[in-house]
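These protein sequence lines are chains A, B and C, in that order. Under our numbering, the first residue of the first sequence carries the number 1145, and numbering increases by one thereafter. Under our numbering, the first residue of the second sequence carries the number 26, and numbering increases by one thereafter. Under our numbering, the first residue of the third sequence carries the number 307, and numbering increases by one thereafter.
Possibly wrong hints are sitting among the right ones.
[What the hints assert, rightly or not] Straight-line C-alpha distance at most 20 Å; calculated DMTMM-like pairs for lysine to aspartate or glutamate:
hint	chain 1	residue 1	chain 2	residue 2
1	A	K1423	C	E477
2	B	K107	A	D1374
3	C	K336	A	D1268
4	A	K1384	B	D175
5	B	K116	A	E1426
Just so you know, these hints were derived from the structure itself, not from any lab. Owing to the predicted nature of the structure, the values given are computational and were not obtained by experimental measurement.
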Amino acid sequence: MFGQLLRSLLQATTVMIAVAFIAFSMFRYVGDPVASIVGQDATLKDRQELSESLGLNDSIVLQFGRFLGNAAQGDFGISYRQGRPVSTLIKERLPATLELALLSATVALVFGLGLGIYTALHRDSVLSNIIMSISLIGVSLPTFLIGIGLIFIFGVKLRWLPTFGRGETVALGWWTTGLLTESGRKSLVLPVITLAFFQLTLIMRLVRAEMLEVMRTDYVRFARARGLTDRAINYSHALKNTMMPVVTITGLQLGSIVAFAIVTETVFNWPGLGALFVKSVEVVDIPVMAAYLMFVGLVFVIVNLAVDLIYFLIDPRLRTGATVKAQ
Amino acid sequence: MTQPVLSVRNLEVEFVTRRGLLRAIDKVSFDIAPGEVLGVVGESGAGKSLTGTAIIGLIDPPGRIAGGEVWLKGRRIDNLPKEELRKVRGKRIGMIFQDPLTSLNPLFRISEQLIETIRTHSDMNEAQARARAVGLLTEVGIPAPEKRIDSYPHEFSGGMRQRVVIALALAAEPELIIADEPTTALDVSVQAQIITLIKKLCRERGTAVMLVTHDMGVIAETADRVAVMYAGRIVEIGPVRDVVKHAKHPYAKGLMGAIPTLATAETRLLQIPGSMPRLNAIPAGCAFNPRCAEAFERCRTDRPEYIPVENSQVACWLYDKRQTKREVAA
Amino acid sequence: MTMAASDTPRLTLRKRLNDSDLWLSFKASKITVVAAITTVLIVMLALLANVLAPQDAFDPKMLNLMDGFAHPMERGLGSGNLFVLGADAQGRDMLSALLYGTRVSLFVGLSSVILSLSMGVSLGLIAGYVGGRTETIIMRVADVQLSFPAILIALLIFGVARGIIPPNQHESTAVFVIILAIGLSNWAQYARTVRASAMVERNKDYVHAARLIGIKGFAIMARHILPNVTGPVLVIATINLALAVIEEATLSFFGVGLPVTQPSLGTLIRFGQQYLLSGEWWILFFPALTLVILGLAINLLGDWLRDALNPKLR
């Protein structure tokens, strides 16, 4: 039983190290760390001295180890472009992204689940068809267009909501939140909807597909043959069995919502990590890119572990050690 | 004569597909008396499972009951509103499916599934239902039922699982059990046990059984009467000894003749040339006529009526006004 | 009744096609037919861009500043030409820009799909057939990559490429870098599906037999496994195309996509965004509309294809 958990932990560590290695390679080999610090006019000797002091001539393993050590402490060096420590930049922008991501994830999950279940159980109703059509459009519409569209309608034409930025935020320790001010809350509405929309449609379609699949199984047929009520079948049997595959994929989807925020943050001028990342790509600011990669990797790994844990709790087959792997 | 538990009259089941309307069951009629075991045999695709599904009202779109009547102990059930039909299921008709592994929800304990079924059809509380569930498990032969009742389905072996399925089907004391290939997915050694169990439990309770299978051995052992189905129709129905030993309908003859037995002195098994027609290409007249060695003109144009022959009913023109037709064929 | 030998094969093929589930399902779904026609139309228009476009939109010599901000269906004040979909700030004909832009978008999209497909299918085959450590590694990487949004991966690859390629060559290599970035961000789904199929096949007897005779693994994979996966791969490719087009549009919208000299629909949208608030809505609207219709049509086709090829739903 614990073997399963241990295995998950091991996988998580491997993935993290792999991601770290990619980040490190970017750091070390793409662009010239020396050149970006000293500029064009440095002499060869200056460069060599700097190389030495930066430890660039040591073995790769040593350098990687150093990188990991620094990363663990949150030290990613200095942003090429802004000249400030990357860790400071991340700290400043993390709350914005996390707040946005968490709210969007909640909205996507709640509505995705609800609508998914509804459209599965009431397959042929008019409302279901409307919802499915909208969801199809949702998958085909690029997120940035949704953002622009919402800005245009609600920000420009109707003037109900602000079109960029976070509004006023309140600082709680090193965290800043927009939830405590009205302008902050208003500023959250459109970005949250934009970010949640894509995820919502995905979750909804997944839940619907899974539930329809479950409704066709033998055990549901047998349950119906035993005369169990629709309520018992739909909300007890079918729902529980639907949750299993849904949990994995949904978990992973939501884990990547942080990264998905890149687009939303750009469109709404949201001062988060995603926007920072895009700018850093534009100017090839490697330390920031690497740091962002590590951050996203970390979120992914944590979410993955959480999903494994939930799976473990739901599926009795895993608990008794039976080797039943779903999918 | 006692009223039959189940009475099916001219049942028709259709499927609406892109290729048109497919008639999967075409005017099927039969009765089952209390305590009787009716075997329903035929090749895959003949419509045996579908008949059972139609009776219990579980046909899903694009299929639907297009005609006929189903009577359960004098009450008509095929036209009941959804909620009424649901109450009939489980309480008055129980069904056992083929694969015990997929019939049980893997995420729920046996106790939960049993208690839920019991409480749906009675007013028992949790404790009473649980006691009854343990009793049921004892009846179906599960050892140490008080302990094992809290296990999950995957913790049982195949044969044990099917016993649990039987317990679930009997939980609300139905008057009729429809067993759809109950032994096909089991090991041969376990098959006999399960069949004996079904027989014993139903005799004890006086429950009627509709046993759908393509395994003749099971039928010979267990059934009182047997109906042979072909292309959605019953071609012969009668006491099991008669049909198995002395089949009348050419198809039934072929079916029984194809069974190898130790007693047979024949060195060759009988083969029926050709195969059952697809649902969108059922021949006019008798559905079996293209493959029948004894077919004549009328077989190709008129669908045979049921003609009583000894103790059976046979749907074959060969048994109708024999003298004149035989002369025509000669 | 006798028929000439050459007649019979053709008849049966057409009859088989007409009678097939695929065609019946296609005809039955009117929306899909509309979607298919729309897609084909857009593709044709894009391909014929240089023939159809009234103006070579990106040749500065052809532009007349006085035409700037002409409304749709208005004549330009400078040149007197009819601007069917209006003109932008520099007097560029939006219709022409749209046609060229669509062509660029489709080109990038299709090329990246071909890249993703080749890479994904090959890796999937290798993973499924060879098995062992190779399989585990490939599949792990695929799994991890699938949980990161393609945008992120594409941006990363783009940034790294930018860092490696000297600045003066950025513009000339932009198209290739974009295709590479998008292509590499979308291979995993193919690999997963193909590997699953390969796994099923590799244990079958005929593969063992072929191996015994000495047929090379590659031939076995190509001959037997590939035909089995064409269906699902096709579905993935269609959806992939829609995603790739949107991905490219997003990248261009960010400003990290194609250069100004070869604008795609995304770039046009980025240009148009500035004018949204000042009232020249058409500069943003038409490229956006085209993008949406294109994405929708392709997605509908993919959806239909998936349902039609799914044996369980028949």
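Could you grab the alpha-carbon distance between B/K116 and A/E1426 and see if it respects the 20 Å cut-off? Since the Cα atoms of B/K116 and A/E1426 sit roughly 70 Å apart, the hinted pair is violated (cutoff 20 Å).
When you check the alpha-carbon spacing of A/K1384 and B/D175, does it fall within 20 Å? holds (18 Å)
Is the straight-line distance between the alpha-carbon of B/K107 and that of A/D1374 20 Å or less? holds (10 Å)
Within a Cα-Cα threshold of 20 Å, do C/K336 and A/D1268 meet the stated pairing? holds (18 Å)
Given pair status - C/E477, A/K1423, alpha carbons within 20 Å: holds (18 Å)
When held up to the earlier numbered hints, the structure conflicts with hint 5 and nothing else.
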